[in-house]
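With the hints as a guide, bring both chains together as one complex.
Here the protein sequences line up with chains A and B, keeping their order. According to the working numbering, the residues represented by the first sequence are 1 to 113, in order. According to the working numbering, the residues represented by the second sequence are 1 to 114, in order.
You may find that some hints are simply not true.
Said to hold, decoys possible - Below 25 Å or equal to it, Euclidean Cα-Cα: the simulated DMTMM-like pairs (lysine to aspartate or glutamate) are:
(1) 69/B x 43/B
(2) 20/B x 38/A
(3) 50/B x 30/A
(4) 50/B x 59/A
If you are wondering where the hints come from, they were derived from the structure by calculation, not from laboratory data. Just so it is clear, the structure is predicted and the values come from calculations on it, not from any experiment.
As a plain string of letters, each chain reads:
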Amino acid sequence: EAAVTQSPRSKVAVTGGKVTLSCHQTNNHDYMYWYRQDTGHGLRLIHYSYVADSTEKGDIPDGYKASRPSQENFSLILELASLSQTAVYFCASRRLGGRNEQYFGPGTRLTVL
Amino acid sequence: GDSVTQTEGLVTVTEGLPVKLNCTYQTTYLTIAFFWYVQYLNEAPQVLLKSSTDNKRTEHQGFHATLHKSSSSFHLQKSSAQLSDSALYYCALSYGSSGNKLIFGIGTLLSVKP
Numbered sequence: 001e002a003a004v005t006q007s008p009r010s011k012v013a014v015t016g017g018k019v020t021l022s023c024h025q026t027n028n029h030d031y032m033y034w035y036r037q038d039t040g041h042g043l044r045l046i047h048y049s050y051v052a053d054s055t056e057k058g059d060i061p062d063g064y065k066a067s068r069p070s071q072e073n074f075s076l077i078l079e080l081a082s083l084s085q086t087a088v089y090f091c092a093s094r095r096l097g098g099r100n101e102q103y104f105g106p107g108t109r110l111t112v113l
Numbered sequence: 001g002d003s004v005t006q007t008e009g010l011v012t013v014t015e016g017l018p019v020k021l022n023c024t025y026q027t028t029y030l031t032i033a034f035f036w037y038v039q040y041l042n043e044a045p046q047v048l049l050k051s052s053t054d055n056k057r058t059e060h061q062g063f064h065a066t067l068h069k070s071s072s073s074f075h076l077q078k079s080s081a082q083l084s085d086s087a088l089y090y091c092a093l094s095y096g097s098s099g100n101k102l103i104f105g106i107g108t109l110l111s112v113k114p
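This is chain B alone, in the form it adopts within the complex (with noise of 0.2 Å):
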């Protein structure tokens, strides 16, 4: 079935040490555009990143994806994990006609130690 998944439940980095966190999909619909959103602790998820366009960088608040389609990868980096990254991370993708539904992976929390 059509699916988004991450394989990590959990990834501890040290501060400024590099993170990657892992995303592939699975999906046989047409698949409009890929998202990274961010949860901090007790507040709303909010997009992060977001990319269209197969093998373009993406980057946000030093943070930085590409799209794979031929791998279905879009997995999300940064070269220098911050304490305020600490967060649960969803990577999703919207797909239909017009982009009007996201299917979630289940989440990674992004655990920072200095």
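Next up, chain A with everything else stripped away, as it sits in the complex (with noise of 0.2 Å):
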């Protein structure tokens, strides 16, 4: 079954240190996202890549760098953690396609203490 996949679930990580959150998919689709979800904010775009060895800003990339080394694999970087950063974080898959929806995964809980 298609899916989209993210590891770890949850992570707690402290303030200054380094973060890789991992995202797999198994739907073929060309486009990955990473989302941030906080309340009152809704879902955030942060960086989000249409092919493989390249990445694109969203809305919000400051403090985050992204990597897609293959079509199916799509990583997030924090490379100094803050507190600011706490969030949950979604990533996403979406076949080319002007109406094609985005997939989900399940969604990675970071705490930065």
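See the structure below:
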């Protein structure tokens, strides 16, 4: 069954540390996305990618980097984690085509202390 | 700026009664499609409805929505709420030449009481 998986599912990090969140999709989709979810803000786009080895900035990219080494894998990197980056992070994938929806992974709960 | 507005943060309704979740939007982009996503507790958001046709009713799982471009709205409705409908609902629109990006509202938490 086609799916988007994320690892880890939860993580506690220290301020100033490096955090890497991973996403893997078996949908054979072109697009992959990283969002963060915060109460009162909904889902906000951090980075996205439409092809391997290329990433694009979303609406809130500051403090985050992304990497797409293959069509199936998309990572979100926090080089210097900060308290304000405590949130739930969702990865999503989408097939090329104007009206196609995005399919979300189960999320990673990140707590920065 | 471009935005999707969901005016209610929390909607509480009694089981069996109708429910309406509001969604309006403002965008200068060429909008491709409109979506309602539902997120159950501790789960991923998933598509509930989608539409790209003005004034056409879309239905799924007992919910329905009609895109009205004249009023920039895409409200979600159900005639009889069920306990299992309790969840977080997001309105979103996709834009751009390939519809590759979504703008989400802040979400409305629907709580259905017995």
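Hints, verified against the model:
no., hint, result
1, 69/B x 43/B, "violated (31 Å)"
2, 20/B x 38/A, "holds (23 Å)"
3, 50/B x 30/A, "holds (20 Å)"
4, 50/B x 59/A, "holds (23 Å)"
The structure fails to meet hint 1 from the earlier list, while all remaining hints are met.
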